[in-house]
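Asks: This is what each chain is made of:
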Amino acid sequence: MIKVLKAGLETSIQDYPGRIGYWNQGFPPSGPMDSWSFRFANVLVGNQPGAAGLECQFLGPTLFFDADTVIAVTGADMRPALDGEPFPMWQSVAVRARQTLALGAARVGGRAYIAVAGGFANEERLGSRSTFNKAGVGGIDGHSIKAGQDLPVAEGRGTPGLLVPNEHRPDIRTDRTWTIEVCAGPNDDWIDDAGKKRFLSSAWTLSAKSDRTGFRLQGPEWTFTEKAYNKPKEHGSLPSNIIDHGYPLGAINLAGQTPIILVNDGPSMGGFINPYTVPSAAFWKLGQARPGEHLHFRLVSVAEAQRMAKQIAERCVREILVNA
Amino acid sequence: MVKQVLAPLPGLFYRKPSPDAAPFKQEGDPVAAGETIGLIEAMKSFFPVEADVAGTLARFLAQDGDTVDADQAIAELE
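Taken in order, these protein sequences are the chains called L and G. Be aware that the first sequence starts at 16, since it is given in our numbering, and climbs by one per residue. Be aware that the second sequence starts at 226, since it is given in our numbering, and climbs by one per residue.
Hints may be right or wrong, so weigh each one.
[Said to hold, decoys possible] Under 10 Å between C-beta atoms, here's a sample of chain G residues computed to sit facing chain L:
1) M226
2) G259
3) A267
4) M268
5) D289
6) T292
[Unchecked claim] Okay, derived cross-link-like pairs now, PhoX-like style, lysine-lysine, Cα gap no bigger than 20 Å in a straight line:
7) K212(L) to K149(L)
8) K250(G) to K228(G)
9) K241(G) to K224(L)
10) K269(G) to K149(L)
11) K21(L) to K212(L)
12) K212(L) to K242(L)
13) K161(L) to K211(L)
14) K224(L) to K269(G)
15) K18(L) to K161(L)
[What the hints assert, rightly or not] Residues on chain L that point at chain G, a partial pick, calculated with CB under 8 Å:
16) L20
17) L24
18) E25
19) Q72
20) F73
21) R172
22) D226
23) R305
24) P306
25) G307
For the record, the hints were derived by calculation from the structure and aren't laboratory data. Glycine is no exception: its CB is placed at the ideal position from the N, C-alpha and C atoms.
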């Protein structure tokens, strides 16, 4: 068991790829936003890459270990400390019973991941241990962890002293600027040429009104094709309204003039167009971006997006690790 | 002695509890230990920036609406 002394900011148990197969009933996949860092945390401690671990957001938790184990911390730098001593990231480390791990505020990036040998053993709901706060499903009692809770851990054997080499870690930006891949569509034909050009050439500011449901962007105006104006009334009154349809995960959903990227805990349907879609291989960047930072979008083909996802998956394996 | 008040997490800094309200503190105001001098917004939530010691608010180092990093100095108390 691991006791939660301080919960941090909506720290939650997630697994990868999350709750797959229930999108048609409104259940998003949930899971870690930066699944690159998350998978490496698990691989470091000898788990399957998708085993249940903790996602820490902007402000990390403080955890008390009641048994010896092996853990790893990856992703955002929240200056982890074990019994007050600096704790190395991107490494598997032996932790003794009665030691305390404390994460602070994120200095670089937005989300850190903690994996424990064996993984968390909370009950599966709809095939996943991931927490979906909005519906109260998964995690511990359906929600983010709380101070005083005991987190169950499965039996596991990790090897301390393993390290993810620098060149295999995600490049978490420190210059407040990100280039995020997007695929065109499904509704790019509702945006006129000037609007498409503006979208791909502008810096979009990530709003603080962003969470695991949606990432709100601030930027220039959108302009539309004839299709957005000349449509049956039931589509709705705004140019970006469309008769309710299914949303892809990663959709850049245009609510009036405000684009919102629908992320891990996002909605599965609604009445706005989705001119572009962020592929899952670029989600890690969203997970590490912070409010006020600038996003630029780069158009890629679906084939290229799939290639990127494959390259990340091929990295997150035991063979990549070296001795610390 | 000058004491800095640091941002508890990264996000957007605000000096006011809501857009139409007066700022929590003006430069020159007294501040009690634990008192809120501003807010930081992240993940659709607002978090108080609290002074951990009492003093007089000498000056703000971050402006209303600024993007701040964790542990960035927000204000100086004297």
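Asks: Which earlier hints can't be squared with this structure?
Replies: Structure breaks hints 1, 2, 5, 7, 11, 13, 16 and 21.
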